[in-house]
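A.B. asks: Combine both chains into one complex, guided by the hints.
Top to bottom, those sequences are chains A and R.
All the letters of the first sequence, read from the start, carry residue numbers 104 to 677 under my numbering.
All the letters of the second sequence, read from the start, carry residue numbers 556 to 774 under my numbering.
To be clear, the hints were calculated from the coordinates, so they are not data collected in a lab.
Keep in mind that the hints are not guaranteed to be accurate.
What the hints assert, rightly or not - Derived BS3-like pairs: lysine-lysine, alpha-carbon spacing no greater than 30 angstroms straight-line:
{"hint": "1", "chain 1": "A", "residue 1": "K522", "chain 2": "R", "residue 2": "K712"}
{"hint": "2", "chain 1": "A", "residue 1": "K528", "chain 2": "R", "residue 2": "K718"}
{"hint": "3", "chain 1": "R", "residue 1": "K623", "chain 2": "R", "residue 2": "K761"}
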Amino acid sequence: MTENLYINNTKEVYDAIVIGSGISGGWAAKEFCERGLKTLMIERGRVVEHRKDYIGENKAPWQQPLRTKVDNLLVKEQHQIQQQCYAFTDATKHFFGNDKDLPYTTAKDTNFTWIRANQLGGKSLLWHRQSYRLGEYDFNANKNDGFGNDWPIRSADISKWYSHVEKHAGISGSKDNLENLPNSDSLPPFEMNSPEKSLQKKFAELYPQRPLIMGRTAHLTKPTALHLSQGRVQCQARNECQAGCSFGAYFSTQSSTLPAAAATNNLHIAPNSVVHSLIYDENTNRVKGVRVIDNDDLTEREYFAKVVFVCASTIGSTQILMNSTSKRFPNGIANSSGVLGHYLMDHNYNAAASGDIEGFEDEIDSGRRPTGLMMPNFYYKPDSKRGFLRGYALAGRAYREGWQSLQHQDGLGVDYKNKLKQAGKWRFGLYAQGEMLPRFENQMRFHSTLKDKWGMPQIEFDCQFSDNETNMMIDAAEQAEKMLKAVGLKNVSSRVMNGPPGLAIHELGTARMGRDPKTSILNAYNQSHDIPNLFVTDGASFCSSAVQNPSLTFMALTVRAVDYCVKELNAKRI
Amino acid sequence: MKEYHNDQSNINETNINTESRRKFLRGLSLLVGGTVATALVSGNSLSVAMAHSLNPVNVGHDLLSDGKIFPLKQLKQLKSICAIVIPKTDTLGAAEVNTHGFIDNQLFHCYEQAEQEKMIQLLTLIDEVATKSFSQSFTELSQDQQFELLTALDLGKENFDEKQRADFKSLKKLICFGYYTSEVGASQELRYIAVPGGYKGSIPYKDSEASWGSQGLYY
Numbered sequence: 104m105t106e107n108l109y110i111n112n113t114k115e116v117y118d119a120i121v122i123g124s125g126i127s128g129g130w131a132a133k134e135f136c137e138r139g140l141k142t143l144m145i146e147r148g149r150v151v152e153h154r155k156d157y158i159g160e161n162k163a164p165w166q167q168p169l170r171t172k173v174d175n176l177l178v179k180e181q182h183q184i185q186q187q188c189y190a191f192t193d194a195t196k197h198f199f200g201n202d203k204d205l206p207y208t209t210a211k212d213t214n215f216t217w218i219r220a221n222q223l224g225g226k227s228l229l230w231h232r233q234s235y236r237l238g239e240y241d242f243n244a245n246k247n248d249g250f251g252n253d254w255p256i257r258s259a260d261i262s263k264w265y266s267h268v269e270k271h272a273g274i275s276g277s278k279d280n281l282e283n284l285p286n287s288d289s290l291p292p293f294e295m296n297s298p299e300k301s302l303q304k305k306f307a308e309l310y311p312q313r314p315l316i317m318g319r320t321a322h323l324t325k326p327t328a329l330h331l332s333q334g335r336v337q338c339q340a341r342n343e344c345q346a347g348c349s350f351g352a353y354f355s356t357q358s359s360t361l362p363a364a365a366a367t368n369n370l371h372i373a374p375n376s377v378v379h380s381l382i383y384d385e386n387t388n389r390v391k392g393v394r395v396i397d398n399d400d401l402t403e404r405e406y407f408a409k410v411v412f413v414c415a416s417t418i419g420s421t422q423i424l425m426n427s428t429s430k431r432f433p434n435g436i437a438n439s440s441g442v443l444g445h446y447l448m449d450h451n452y453n454a455a456a457s458g459d460i461e462g463f464e465d466e467i468d469s470g471r472r473p474t475g476l477m478m479p480n481f482y483y484k485p486d487s488k489r490g491f492l493r494g495y496a497l498a499g500r501a502y503r504e505g506w507q508s509l510q511h512q513d514g515l516g517v518d519y520k521n522k523l524k525q526a527g528k529w530r531f532g533l534y535a536q537g538e539m540l541p542r543f544e545n546q547m548r549f550h551s552t553l554k555d556k557w558g559m560p561q562i563e564f565d566c567q568f569s570d571n572e573t574n575m576m577i578d579a580a581e582q583a584e585k586m587l588k589a590v591g592l593k594n595v596s597s598r599v600m601n602g603p604p605g606l607a608i609h610e611l612g613t614a615r616m617g618r619d620p621k622t623s624i625l626n627a628y629n630q631s632h633d634i635p636n637l638f639v640t641d642g643a644s645f646c647s648s649a650v651q652n653p654s655l656t657f658m659a660l661t662v663r664a665v666d667y668c669v670k671e672l673n674a675k676r677i
Numbered sequence: 556m557k558e559y560h561n562d563q564s565n566i567n568e569t570n571i572n573t574e575s576r577r578k579f580l581r582g583l584s585l586l587v588g589g590t591v592a593t594a595l596v597s598g599n600s601l602s603v604a605m606a607h608s609l610n611p612v613n614v615g616h617d618l619l620s621d622g623k624i625f626p627l628k629q630l631k632q633l634k635s636i637c638a639i640v641i642p643k644t645d646t647l648g649a650a651e652v653n654t655h656g657f658i659d660n661q662l663f664h665c666y667e668q669a670e671q672e673k674m675i676q677l678l679t680l681i682d683e684v685a686t687k688s689f690s691q692s693f694t695e696l697s698q699d700q701q702f703e704l705l706t707a708l709d710l711g712k713e714n715f716d717e718k719q720r721a722d723f724k725s726l727k728k729l730i731c732f733g734y735y736t737s738e739v740g741a742s743q744e745l746r747y748i749a750v751p752g753g754y755k756g757s758i759p760y761k762d763s764e765a766s767w768g769s770q771g772l773y774y
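Isolated chain R (complex conformation) (with noise of 0.2 angstroms):
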């Protein structure tokens, strides 16, 4: 993992996959020996095991036109939201990776009518705690005071209760599940193997690393 972790600005999709590709069968190799590996890699099996590809959902990401769930312009103020929530660091933040269209898409095909609601009525609450607040949409404000806004909302303080804190809380969940389940989120900002080569009890672990975005996803 340290070979295409460390070095974060060389990291894309062809160097994961062919470093680890080769890190791999060079361990099934002394594992099965040359032959069995050659045969397991060049049959279907590892194709299949290895195969990466990039397959992003493109809603939201030229915020052009209206999504499945949210009207345009709740989609631009989503997309300030997450910025705000989960922004751009060392690496992409939640909405250069168009966690927005993300969460557009997810609620219209994973969730209840009813949390679709719940999710457009705290958007449109939001705006207008911005416009009594600041006398602006939440877009037009600064992100100090996007930042200052959504930090009430979050305690549930000032113009918020906890009824709509707890909404947020629910926003800020897809945000992170959109973020760290997106290929950025979970192999940039986090580490990602999808072939760990076998279980280690302990490896040493400092508090200023990355932990793993390839863990607890399934099951």
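Excised from the complex, chain A in its bound form (with noise of 0.2 angstroms):
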């Protein structure tokens, strides 16, 4: 790694600006080094070094002092919003934001949960690994039945770069061969313990449309010779995964595509440095560069390049643009079509359905997987009979019971111990992923007076799950009770939840992709239609969500998106 990787102040041009240095941005930055593209990596925060950061990592309980919880005072003072999420943790809660300076609004009888980490690496530490490829009918959905618009691009024009990034990433999973979820260039899936086969069996029998198969998630369970000279070495199932990993097991950009990147000694960072705005040329309609606060001592500087790729999550990215205003662009930069901000998506995780699984009482698992199992969306075919729109996928995965379960019942003493040393019964739970519709009134916007400490205009969340999430929801967590039931589960319940958007971190959409610069932001290469110079390739430039957990798509959006930016600065077009 070059000593000077870390900058400040420079005038250097570099031929690349990055905004954002987590999956997106990670991947950017590693694609034009590897180009040789001179490329610096703007970061709002603070550096975080592989291994060396990760001070929560493979602490046991009792060597927490709290044992994994975190002190009440700390969260009332800085982690209200954070500790809604399910990894935040004392192991955890440093890379998570802190809620005192990252303040937001939600418009009245609205809620949103935004979730932050505001680090190198950003969310690509503490995400949760899923992945998988956006099937045909995925991209084919806006058009089908006219919510959203029609995304620009079809699996065609995406696969290879899948592959691209699923090789240098590491995605283990099955090839299952399915209509609507195309197989990843994936390392052998994690296997399933003994009751997940006999009922992945009787899913066949029962449901031959509903197939249940290993999750596919960004861990290395066999490693190839790159990811061994990466120092990245096989999955040691600890699933404690958010606290960081050492042996580089899960994709980060630390364990990943920064090494990759920094290894071309194109790459500067810029830490500390929270974007304001875009600088941007009227008479060349270009975006020159970037003004940035310097995130500890409030101070402004420049930096500038012949191209910016915006990488800074969907909401953050969007934040920046519409904070970049200009006589030609008064309500945002790039914004002709006015739909920025507009079209806000997560996914719906508020349905649910578990039961009691018989037998197998002489076996267990041994390890913590760090992925579970998953039915791909059965829904992806349009049906109007069915009362709404799109579809969910079920995740779950069987365990056995532990003291955790076990410690509710009556009893005291040396039977009440000697009952919760062994292990309980086997239990099977079904969870919905829900696919959120594209709405023009499900928004981010500007609060009109409140700013944060480093002067950027607070958000103002203004999105809601409409009635067509909620009929789905009420199905899944029917359809979830029925299966379970019909598979020869006992003691079966289901649930239906009401929880806001934001919480499944699946922020998508405001500033979207689409082939008329009239009604989206970027075109088919998430490239500005407005600016030639400017692209946007996180999750802010969905059409849609489909159900898919979106991280490996951003992966290949940003790859595609670099590699069509790259020549056309060579052709001279930008």
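C.D. replies: The following block contains the structure:
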């Protein structure tokens, strides 16, 4: 790694600026650097070094003063929002944002949970690592039912870029040959336990159109020579990933894209640099660079480049565009269409079902598998009789109960202790991951007066699930309960919940792609319709949410956009 | 896991550490080759990944002064309750690993005031019923009497109603959390593996065996 990897002030005009260092930013930087372009990655937060800064890693609960929990006082003062995330523990809390510095508001009678990870690596350190390609029906969904605009790309446009990122990142999973869930270029899947294998078989008999597959996840089940050469080794099944992984066994910026980018000597990183706005030259109709506010001392500085890739997360990227105003773009740069900030989406997790599995008492699983099973969306073909548009996937796993479940029973003393010592019954559950329709009224906008400490206007969310999502979750709970009973589970129960959008942490849309510059921000290559040297390649660019976890598609869209951008630069069209 | 969980008497922190480290290194060498394995282990990665050090909460061990939530008298009472709920068997029980000190500390740092007060009131109630029924404070009762009283509370019978029963379930949850996340509870009473080395879907299990103390702790 170069000594001067991290910079602060510089007059250099870079070939490319990449705003953000998470999943999208890491990929953009790697691809630019490997094509020989001098690249500046801008990160608003602090530096997190691989291994060295994973301070919560591999600590047994008894080695943590509060045994994995976080002090109330700290939560109240700094993490009221962030603590809603399932991964927020004492071992991970330093990778979540400080809510006191990151205020936002929500419109009356609405709610939105915004999870932040403002440090080098961003949410690539904290993600759940589930990795799925979008299918042809997903790219066609908006066109078919008229909600949202048509995706300007199809599977054929992106499949080789999925392969490209999968091979480098390392995605484990089976080749399931499904109509709407393309196979990945994958490493071997994780093993199923015996009850899961048995359920898989029963589902195949009773519901041939609803296969249960092993969850595809960005973990090295069998590292290739490339992975080993990067210092990444096989997943050890600790499932404490969000604390950071010194084995480099899951994909993160730190484990995968950053080392590759840095090895080229073409990379500089400007940490602690909160991007305030893009610098726009009206005469040339190009962005010239970015204006940043120092994270710590709030001083201003500027960085310059020939092209700018905005990869600051869905909300973050759009916030920067909205704050970049000029005579030509009074309502946010690249926003001649007026749709910037609109069509905000997340996934909906508001349905679940679970039950007991009989038998298999003479076995248990070993290790903590960092993924579960997935029943991919079986409603991918439109059907007007269904009562709602689009569909959902169901995720779940089988596990034997431990003391956490058994403690609730009556009893005291030796008997009680001995009962809690032994493994309990096997359980299996499914929870829904539903698609959310792209709707104009679901949006992020600037609060009329409030600003944050860096002078950025605060975001006001106005975003709600509609009846379509609610009806879908009612169906998901019904279907899941029906199926679990049919495959022989006992004591099956299901539930529909009422969680607000945001907490799936799959924010999507707000600077969507499209064929028509009048109704979209970006073209088929994530390039601004209005400004040729401006690209947005993260979740902001999505036209629909599909049901798949979106990060793998962030990666593929990003590398495809870089490839296109470099060709355009070489052809002097940018 | 067999190597360091079969013989309970042989278990201590150093043994687990050295043995699992050796075993892990062996596996890692097969996986990535000796040179890479050594480089990984000599670097920061494994010193971080394998670092184990004891860091116990000391409040309550000596029982000489008030805790952060409970006055000394109630800390002593809580220790007796811990001993009844999860007693010493082949392995130490909840009282021996200072679960009462843990609860005092945990309530102070991780719970709302209402929950803290609920626990103080519950201990007061238990003592009142002890005095009413046996004319002695809870800690002065024989273990059989303590067991009898807490069983009635656990079932919401005799002197106790459903609300008080629910409060005691909350206390039991705290005792269980404290015990099964302690080193003894997680790694001696149950089986704890810091670095499993991979996932196996199925291994044999007999009812008499200890379950995992290293599952379901994080996400």
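A.B. asks: Each hint: holds or not?
C.D. replies: Quick rundown of the hints versus the structure:
| no. | hint | in the structure |
| --- | --- | --- |
| 1 | K522(A) with K712(R) | 22 angstroms, holds |
| 2 | K528(A) with K718(R) | 29 angstroms, holds |
| 3 | K623(R) with K761(R) | 42 angstroms, violated |
When each numbered hint is compared with the structure, a violation occurs for hint 3 only.
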